[in-house]
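S.K.: Below are the chains, spelled out letter by letter.
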Amino acid sequence: KNEVEQSPQNLTAQEGEFITINCSYSVGISALHWLQQHPGGGIVSLFMLSSGKKKHGRLIATINIQEKHSSLHITASHPRDSAVYICAILLQGGSEKLVFGKGTKLTVNP
Amino acid sequence: KAGVTQTPRYLIKTRGQQVTLSCSPISGHRSVSWYQQTPGQGLQFLFEYFSETQRNKGNFPGRFSGRQFSNSRSEMNVSTLELGDSALYLCASSLGPDRSAFFGQGTRLTVV
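From first to last, the protein sequence lines stand for chains A and B.
Under our numbering, the final residue of the first sequence carries the number 110; numbering is consecutive throughout.
Under our numbering, the final residue of the second sequence carries the number 222; numbering is consecutive throughout.
Next up, chain B with everything else stripped away, as it sits in the complex (with noise of 0.2 Å):
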């Protein structure tokens, strides 16, 4: 069984730019969450969406956005990108609420 795969593995943006990321579960996962890593801020929950909806939403601003596929497929956006961006992006996926989270490899996202 496939685990979660994150594309890219790692990115290199200027200032200004946008960039999109995807995730894809485990087969039969429905729920998907975003986390972001900084060395000062450790890990951050960005958002989570299960069966296409996001139900949760962390702290971040609307340059943040995500969305999930009819196939549990996810991305997440980052418009207007800042140097303060870079970080590494990771998804992990479940089968819902209360069950073991199986994480990505992450994509590491440089802002210059």
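So that you can see chain A by itself, here it is in the shape it has in the complex (with noise of 0.2 Å):
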């Protein structure tokens, strides 16, 4: 069983819709990331996140440390959103080591 599982593994939406992607884990983490990666390969980092809740923009991002899970959200979204959504997270110990989830492949239609 994979320590961190995303869900959906593919995602279409209209533009506008607000969008929702999970994730569990299954171990002890000191933070989770979400990353976003285009067509071509580059990674973004949209969020860290130990405790609470972040917002940037039309993204915002959860996450209950005691549920173990996280949740990814686009408001308004557009076909510029259209992208692999991945949530990975940093084990507890000090260590840079990610382990990442299979991905949310989501493609968003004018």
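DEER-style ranges, computed between Cβ atoms:
1. B/Thr124 with A/Ile65: 44 to 50 Å
2. B/Pro149 with A/His78: 22 to 28 Å
3. A/Ser30 with B/Lys167: 17 to 23 Å
4. B/Ser137 with A/Ser30: 20 to 26 Å
5. B/Gly150 with A/Asn109: 25 to 31 Å
6. A/Lys54 with B/Gln127: 40 to 46 Å
7. A/Asn2 with B/Lys167: 15 to 21 Å
8. A/Lys53 with B/Thr130: 38 to 44 Å
9. B/Gly138 with A/Asn109: 37 to 43 Å
10. A/Glu67 with B/Lys167: 27 to 33 Å
Here are the computed lysine-lysine pairs in the DSSO-like style, where the Cα-Cα straight-line distance is at most 27 Å:
11. A/Lys102 with A/Lys54
12. A/Lys97 with A/Lys54
13. A/Lys68 with B/Lys167
14. A/Lys68 with A/Lys54
15. A/Lys68 with A/Lys97
16. A/Lys55 with A/Lys102
17. B/Lys167 with A/Lys102
18. A/Lys55 with A/Lys105
19. A/Lys97 with B/Lys167
Treat the hints as calculated values from the structure; they're not laboratory data.
In this text, a Cβ means the ideal position worked out from N, Cα and C, and glycines have one as well.
Now that you have both chains on their own, put them together as the hints suggest.
M.R.: As structure tokens, this is what we get:
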């Protein structure tokens, strides 16, 4: 069983829709990252969370440490949001070792 | 401030050859981590360096090695290349543990 599970694997939405991507993990973490990867490979770190909620523009990330669960929300989705969104956990212990989910491929149609 | 720079961006090698990939972290970042991304396995951790010391290593064979220099630049080396080593290799830098990671654009290695 993967330490990090994401759902859904694929998501297709219409422009303007509210999007939610979920991430569950099974081990103790010191932080959780949400990453965005566009075709071509480059990865952008969207958020790093260790508790609560963070907001940046139309993106909101939440984490519940007790339930070992995080969500990434996109409000008023736009075709340029189409990408793969990856959840990654930073294991406890002071290392930089990230463990990744398989990613959620989001397609937003105009 | 320049981002994380990986060179080369694309590389084609033959089975049995070796390859060296380079990563220049963001200025001031002392932690560099390397990852392999393949369609089948997704993103997997290779190793992590902090102040020239390897602090963590993923589950990869000894053909995969790396090092970090005093200026924090890092290299990874893969010897005796196999077809299955074809992947996108990403490096990320950060100020240290529990700090945001910044990724490079990756090096796409194709082994033929």
